[in-house]
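Each residue of the sequence shown is one higher than the one before, counting from 1 in full-length UniProt numbering.
Computed beta-carbon distance windows for the label pairs:
# : residue 1 : residue 2 : range
1 : E66       : R118      : 28 to 38 Å
2 : S56       : P77       : 10 to 20 Å
3 : A88       : A138      : 16 to 26 Å
Straight line, CA to CA, 20 Å or less: simulated EDC-like cross-link-like pairs of lysine to aspartate or glutamate:
#  : residue 1 : residue 2
4  : K84       : D115
5  : K84       : D122
6  : K45       : D63
7  : K14       : E30
8  : K84       : D108
9  : K45       : E66
10 : K84       : E104
11 : K84       : D132
12 : K100      : D132
13 : K100      : D134
14 : K84       : E116
15 : K13       : E30
16 : K14       : E25
17 : K84       : D71
18 : K13       : E25
19 : K45       : E68
20 : K100      : E135
21 : K84       : E135
Calculated from the structure, these hints are not laboratory results. Think of the CB as a built atom: it goes at the ideal place given N, C-alpha and C, for glycine as much as any other residue.
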Amino acid sequence: MDDECIGEAMTEKKPAYMRHEDWVERQLREARERGAFDNLEGMGKPLRTDLATPFSAQQWARDWIEREGGDLAALLPPLLVLRKERAALHQTLPAFRTEKELRETVADFNHRLLDEYRRPMDGPLIAVGVIDADEIVAAWRLVRPRPEPEAPPEAPATTSSLMSRLRGIGRRGRIRPRG
Numbered sequence: 001m002d003d004e005c006i007g008e009a010m011t012e013k014k015p016a017y018m019r020h021e022d023w024v025e026r027q028l029r030e031a032r033e034r035g036a037f038d039n040l041e042g043m044g045k046p047l048r049t050d051l052a053t054p055f056s057a058q059q060w061a062r063d064w065i066e067r068e069g070g071d072l073a074a075l076l077p078p079l080l081v082l083r084k085e086r087a088a089l090h091q092t093l094p095a096f097r098t099e100k101e102l103r104e105t106v107a108d109f110n111h112r113l114l115d116e117y118r119r120p121m122d123g124p125l126i127a128v129g130v131i132d133a134d135e136i137v138a139a140w141r142l143v144r145p146r147p148e149p150e151a152p153p154e155a156p157a158t159t160s161s162l163m164s165r166l167r168g169i170g171r172r173g174r175i176r177p178r179g
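Using the sequences and the hints given, assemble the complete structure.
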């Protein structure tokens, strides 16, 4: 929709003799004739809402967050979010590259969990346990992919191979052909 068309239509005052409904209908008709509604996003697509269900603010919020590409976890109680995060951590153990990285993640989780328990409760208490770093590191060691063995370093030249190279050099510094 063109912003100038909207601005023109919105600044026009309703004549005193005209009913409000008639004036709105006229504005819509004129905008349609100008093509202000052509090529709108979602044109020709069905509405997503089910008209048979009653309106609820919670459903509207969920739909808006989903439509805008947000995370629905923002609507959950913080302890439930932490509980889901704890379960997901066990599922993603192979993704951690180092033990240090895993221990830092566990320490951060435990810190956030204890901070949440220190706050006044808003809603029901959801039990979420702290993670024992040593236990999860042991589990990580069992499930992590084995590192590829490193290639053995090349052995330094031995004295015998060095001597055989030097034998090829004659007294005057020229290389003698072998054989």
